[in-house]
Amino acid sequence: MKTVQLVAEIASDGKLLVNDDLKRLLQLHTGDKVELTVRKIISKKTLNRPENPLYELTK
Amino acid sequence: MNLLNSSRTIFISDSAWVALVDQSHEKHQSIQSVFSTLLDQKSKIITSSYVIDSVLEILKQKKLTNEAKAFLDVIERALLSNDLKVHWLNRKLRRKAIDLFLSDDFEILNRALNIELIKQKRVHSILTLNPSIYEKYSLPCYKLDD
Numbered sequence: 721m722k723t724v725q726l727v728a729e730i731a732s733d734g735k736l737l738v739n740d741d742l743k744r745l746l747q748l749h750t751g752d753k754v755e756l757t758v759r760k761i762i763s764k765k766t767l768n769r770p771e772n773p774l775y776e777l778t779k
Numbered sequence: 346m347n348l349l350n351s352s353r354t355i356f357i358s359d360s361a362w363v364a365l366v367d368q369s370h371e372k373h374q375s376i377q378s379v380f381s382t383l384l385d386q387k388s389k390i391i392t393s394s395y396v397i398d399s400v401l402e403i404l405k406q407k408k409l410t411n412e413a414k415a416f417l418d419v420i421e422r423a424l425l426s427n428d429l430k431v432h433w434l435n436r437k438l439r440r441k442a443i444d445l446f447l448s449d450d451f452e453i454l455n456r457a458l459n460i461e462l463i464k465q466k467r468v469h470s471i472l473t474l475n476p477s478i479y480e481k482y483s484l485p486c487y488k489l490d491d
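From first to last, the protein sequence lines stand for chains A and B.
So for the first sequence, this note's numbering puts the first residue at 721; every next one is plus one.
So for the second sequence, this note's numbering puts the first residue at 346; every next one is plus one.
Derived from the structure by calculation, the hints contain no laboratory data.
For every residue, glycine included, the Cβ atom is placed at its ideal position computed from N, Cα and C.
A few of these clues could be false.
[As the list claims (entries may be wrong)] Here's a subset of chain B near chain A, in silico, CB distances under 8 angstroms, partners left out:
{"hint": "1", "residue": "374"}
{"hint": "2", "residue": "377"}
{"hint": "3", "residue": "419"}
{"hint": "4", "residue": "428"}
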């Protein structure tokens, strides 16, 4: 089994927002129901934090 | 000894920075891999102002001026985003390092400065291509795969 880390966001109306990349990766279609397990809650501040510039030295 | 644990303070030496920046360096890929893992594991990356200066000098000597400029740009942005801590020398630490430099068989003062700084900052491990210098003082270094 392959484990991947995915991030989804709760919208202001309480709905779970799933981006197009995630839909494609999970092969989801409108109306599909999925069972999710929350491993970690990430603050919006952390989520929107730009990538560590030091990563540029690894590319 | 696996030193790649999360939340550890890792000191990056001049030799490691140079190998990271210089794409023709024989250890470039292996050090990139280790550094990437350290970043993924949210290790606290630290270095010093004189190490950065030394890296710039070495890169310029290697005619890698553009790479030196790009490196400095990354360092400055990492400082601003708090992804890197650069320590400056104080008079007391510098004096201790000079005493160490003069009392042992060091050829380069920067290495003695590194040792005193690393001892003071309680660094968990050192990313360097010259581990024997630090291991002599019982300071743990990350070993690169050959």
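Hints not upheld, ascending by number: Violated hint (a single one): 1; every other hint is consistent with the structure.
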